[in-house]
Amino acid sequence: MSFPLLTATAALPAIGAVATAAVPAARRTAAKWLALAFSLGTLVLAGIALARFEPGGSRYQLTESHAWIKDFGVRYELGVDGIGLALMALTALLIPFVILAGWHDADPLETNSSRWRPTQGFFALILMVEAMVVLSFVATDVFLFYILFEAMLIPMYFLIGGFGDRAHSGSDENAAAQRSYAAVKFLLYNLVGGLIMLAAVIGLYVVAGTFSLSEIAAARADGSLTMATSTERWLFLGFFFAFAVKAPLWPLHTWLPNAMGEATTPVAVLITAVVDKVGTFAMLRFCLQLFPEASKWATPVVLVLALISIIYGALLAVGQRDIKRLIAYASISHFGFIILGIFAMTSQGQSGATLYMVNHGISTAALMLVAGFLITRRGSRLIADYGGVQKVAPVLAGTFLIGGLATLSLPGLAPFVSEFLVLVGAFAAYPAVGIIATTGIVLAAIYVLVLYQRTMTGPVKAEVQGMADLKVRELVVVVPLIALLIFLGVYPKPLTEIVNPAVQHTMSDVQKKDPQPEVEAAK
Amino acid sequence: MSATAVHSLWTMAGGVTSAAPDEKFKAPVIEYTQLTPVLIVIGVAVLGVLVEAFVPRRARYYTQVFLAVAALVAAFAAVIGLAAAGYGTTKAHIAAMGAIAVDGPALFLQGTILLTSLVAVFTFAERRLDPESHGSRVDSFAAQAASVPGSDSEKAAVKAGFTTTEVFPLLLFAVAGMLVFPAANDLLTLFVALEVFSLPLYLLCAVARRKRLMSQEAAVKYFLLGAFSSAFLLFGIALLYGYAGSVSYAQIATVVDGSIQQIDPALADTMGNDVLLLIGGAMILTGLLFKVGAVPFHMWTPDVYQGAPTPVTGFMAAATKVAAFGALLRLLYVVLPGLTWDLRPVMWGIAIVTMVGGAIVAITQTDIKRLLAYSSIAHAGFILAGVIAATPQGISSVLFYLATYSFVTVGAFAVVTLVRDAGGEATHLSKWAGLGRRSPLVAAVFAVFLLAFAGIPLTSGFSGKFAVFKAAAEGGASGLVVVGVISSAIAAFFYIRVIVLMFFSEPKADGPTVAVPSPLTMTTIAVGVAVTLVLGLAPQYFLDLASQAGVFVR
Chain A
1 MSFPLLTATA
11 ALPAIGAVAT
21 AAVPAARRTA
31 AKWLALAFSL
41 GTLVLAGIAL
51 ARFEPGGSRY
61 QLTESHAWIK
71 DFGVRYELGV
81 DGIGLALMAL
91 TALLIPFVIL
101 AGWHDADPLE
111 TNSSRWRPTQ
121 GFFALILMVE
131 AMVVLSFVAT
141 DVFLFYILFE
151 AMLIPMYFLI
161 GGFGDRAHSG
171 SDENAAAQRS
181 YAAVKFLLYN
191 LVGGLIMLAA
201 VIGLYVVAGT
211 FSLSEIAAAR
221 ADGSLTMATS
231 TERWLFLGFF
241 FAFAVKAPLW
251 PLHTWLPNAM
261 GEATTPVAVL
271 ITAVVDKVGT
281 FAMLRFCLQL
291 FPEASKWATP
301 VVLVLALISI
311 IYGALLAVGQ
321 RDIKRLIAYA
331 SISHFGFIIL
341 GIFAMTSQGQ
351 SGATLYMVNH
361 GISTAALMLV
371 AGFLITRRGS
381 RLIADYGGVQ
391 KVAPVLAGTF
401 LIGGLATLSL
411 PGLAPFVSEF
421 LVLVGAFAAY
431 PAVGIIATTG
441 IVLAAIYVLV
451 LYQRTMTGPV
461 KAEVQGMADL
471 KVRELVVVVP
481 LIALLIFLGV
491 YPKPLTEIVN
501 PAVQHTMSDV
511 QKKDPQPEVE
521 AAK
Chain B
1 MSATAVHSLW
11 TMAGGVTSAA
21 PDEKFKAPVI
31 EYTQLTPVLI
41 VIGVAVLGVL
51 VEAFVPRRAR
61 YYTQVFLAVA
71 ALVAAFAAVI
81 GLAAAGYGTT
91 KAHIAAMGAI
101 AVDGPALFLQ
111 GTILLTSLVA
121 VFTFAERRLD
131 PESHGSRVDS
141 FAAQAASVPG
151 SDSEKAAVKA
161 GFTTTEVFPL
171 LLFAVAGMLV
181 FPAANDLLTL
191 FVALEVFSLP
201 LYLLCAVARR
211 KRLMSQEAAV
221 KYFLLGAFSS
231 AFLLFGIALL
241 YGYAGSVSYA
251 QIATVVDGSI
261 QQIDPALADT
271 MGNDVLLLIG
281 GAMILTGLLF
291 KVGAVPFHMW
301 TPDVYQGAPT
311 PVTGFMAAAT
321 KVAAFGALLR
331 LLYVVLPGLT
341 WDLRPVMWGI
351 AIVTMVGGAI
361 VAITQTDIKR
371 LLAYSSIAHA
381 GFILAGVIAA
391 TPQGISSVLF
401 YLATYSFVTV
411 GAFAVVTLVR
421 DAGGEATHLS
431 KWAGLGRRSP
441 LVAAVFAVFL
451 LAFAGIPLTS
461 GFSGKFAVFK
471 AAAEGGASGL
481 VVVGVISSAI
491 AAFFYIRVIV
501 LMFFSEPKAD
511 GPTVAVPSPL
521 TMTTIAVGVA
531 VTLVLGLAPQ
541 YFLDLASQAG
551 VFVR
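Residue numbers (my numbering), protein chains in the order written: chain A, 1 to 523; chain B, 1 to 554.
No wet-lab data here; the hints were simulated from the structure. Heads up, a few of these hints could be off.
[Unchecked claim] Among chain A residues calculated to face chain B with C-beta under 8 angstroms, some are:
#1 Glu150
#2 Ala151
#3 Val460
#4 Lys461
[Said to hold, decoys possible] Cβ-to-Cβ under 7 angstroms is the rule here; a few derived chain A residues that face chain B:
#5 Ala177
#6 Gln178
#7 Val192
Backbone N, C-alpha and C fix where the C-beta goes; we use that ideal spot for every residue, glycine too.
Let the hints inform the model, and build the full structure from the sequences given.
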């Protein structure tokens, strides 16, 4: 019996959450350091998992399997393939930065209330989300995954609704109402998606008699499990709907701008860079693997929806007046690219989509967190309230620019690699789709550069005068992320090495061959 | 002694003369040891009445609480003993001359009822919540139930520091009835058990200390509608007797499936007449569906839940539902399995309107107790989905759901008793705004219960809901699962609304305070939370228990 590394990686932040929540009210700073220590410990464990993983080895590695609820046919089964591992590492990597960036976001405004401990709660909830997200990336039991998929909504909901952005226009009451609206919208959208998935999960059990991913795959391979075409399609739709809400895919995306706008910046990063990845990851792992025929059947519709997401998200991002909502719409566009890559059903597309998930996590985190530092300084989220920041805070402006350029996929930065792969993959299978998707890149250039131009260049606005540049804590957050963006932009091989074998497995699940093998060879 | 012989005592007493005199007056065989749970509870209840008569007033409260707790613990121990002796599985049989079944479902449900009642007794006994009145501690019950609200005699009773300790024997009588109800194996026992647990409940609803008029109104409504439903049940019993010539479940089942040996000459005209069976069966179902609060027989639920003293509401909401669903299951599986296909469309319809109706109407509620009442209606619909499954998994999933639901319910109502303002409990939702800021722990505990009601994973509510829906899907009722899932989503909205109110709203200046309870209520709430989390994370042991208990003796 080897050391249960994956369980430990998920359990450590969960223990950290309990420990952080138990810190007495007066010892706020201790709680923050404790949370940071636990998140760094998790990062170390994720690093060990990364080192132990053999890219050429069996499909699922570091597996664990224990009986859990026999009556439901549920086992506690864990295992990682390259895709899950990359996303688990991304999660473990980003959480320390999220915690550092949110260092002061949950300090109580007044210090009179003794039992109300928002700071402890804030960091405990972040660690709780981390634990659940990590476990959902390594769960190979459908039921276990479902439980985490649903349960992570609750801490997220409290993070969005309980800790609002203090930079808001209008009165406090109005802001509280909007925040509560955003939190409820987030929860209801995702809960409805999850409950529809529940019906499909039960349906899957009735059909397959087990929840184990490997058992179902084996049964399908040797022909002992066959699904009627209509059954498979209904089940696919049930699963896909939940993931499309989470991802989010147009037209189920409307909760994201609200949630990201009203939440504090670190929580907004948590939503888009970490939690939403569970949705796209699950499409790749569950939709394609469990329902290959139905996935192929649904491909045309999904591709169209993804294209709409790309263009629509980018267009709305161009029109935003609020910095955080702009980044939210940009994310919707990017999620369109990810889903496009997954459903193009080519190995470049799916490798690209997986890399995209990781790179988008890092680049959005960088851009959003710098934007958060900016917003905290000025106390406003409106683009119009800024101007000429690069003269007073050059480092802030510079990091903001790099984050922005990463978002528009500038060659040399990590997102370029993944976006290029997705477009190549899409073009190989569906040339028209590839061409339309490319317009998303042009729009991305517009919204990023216009944002930069309006906020950072031009005459220095009076309110911006004397704005402080990035402090040490903020530099500690931003610099590693930017370094990582450059590193993975120049040398993506460590990542592709892990991801590619897993993508090949998924491709063989859907029994798809690449349409143009010479592209594969050229790479 | 077979079941047939019992009914011959009633039906042939006049006509049969050939029997020897010693056979006519044969002493009934009663397996006392197997009935100990019921006998203990009912015996102590009688003792409680004597306590009221003979023990001095100042010692009554402690005596009654001690007796009630001791009775429930002893009865639970007896249930465990019977189950350990194999009466739940291999030795399951019908005791007391065909009147009472001792089998898995009966023992499981009796255990659940006893444990729920035990934690409910603690909330009954709570005396720290209300401020001391005239130097003595008071509980949630009227000083003197018989005095007219606002009258001089009421004032005198309050001044003298009286408390209604009769609630404890009343509770025990109700529990005794509930223990028999799911075990009843003939229709008359079923009816007697129904009345034995209903009458004390009507009384308990009427004895609130605060808002006495509302409490009495609730009791009258409950009594009138309850009497109405009892009449339905009784009429249905009469019709079924006409159909089968017997009130015994086993006998009726043989007539239903057509394997009857001899036809009673006195009933030759009516026996086997399907019209009687269908109408009679439907009427009995009506009576039982009234008790579980299924739409369209749910009208009493919100008013009664709101008006009754909150500890009573918690007890009633949990234990009555367990007992009534137990009886419903036994009736459908033992007596009417031949009718499965005739009843299915009706039961489908009822389950659907119950799930959807309960969830939709709950959205507009502004009172926490009414909200929980409608939530209980929606839950009744979910349980019906499992009842309809008509498979062994269906039985065990319903048993499991009832166990999870009852503890969450008692716990949630116990929390409601804590949130108070000058007028007693502050049940209007607007007063709960910002509770999370003022008392994070109480609000967090209540949030756990709400999430369990909503069926969020990692709580017992999810395990239960999953078990029931899975059984329904396997039993071919996928449509019900889809409706159930949709109404769960609707229901989630109003549970979430309460959480929003507690955590995301600013506290009001004149908001309620959270009373610090004695260890009694704390125990109730702690048990509720513990069961909610244990059954959410590691339900396997209890699922095993429920599936072992999932076979009815015939």
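So, going through the hints one by one against the coordinates:
Look at Glu150 (chain A): its Cβ gets to within about 5 angstroms of chain B, closer than 8 angstroms, so that hint holds up. Of the supplied interface hints, the one on Ala151 (chain A) holds, with its beta-carbon coming within about 5 angstroms of a beta-carbon of chain B, less than 8 angstroms. Evaluation of the Val460 (chain A) hint against chain B yields a violated restraint, the C-beta minimum of about 38 angstroms exceeding 8 angstroms. A hinted interface residue such as Lys461 (chain A) counts as satisfied when its beta carbon comes closer than 8 angstroms to some beta carbon of chain B; here the least separation is about 33 angstroms, so the hint is violated.
Among the interface hints, the one on Ala177 (chain A) is violated; its C-beta lies about 9 angstroms from the nearest C-beta in chain B, farther than the 7 angstroms criterion. Interface restraint check: Gln178 (chain A) against chain B, minimum CB-CB distance 11 angstroms, threshold 7 angstroms, status violated. For Val192 (chain A), the suggested interface contact is upheld, since its CB lies about 5 angstroms from the closest CB of chain B, less than 7 angstroms.
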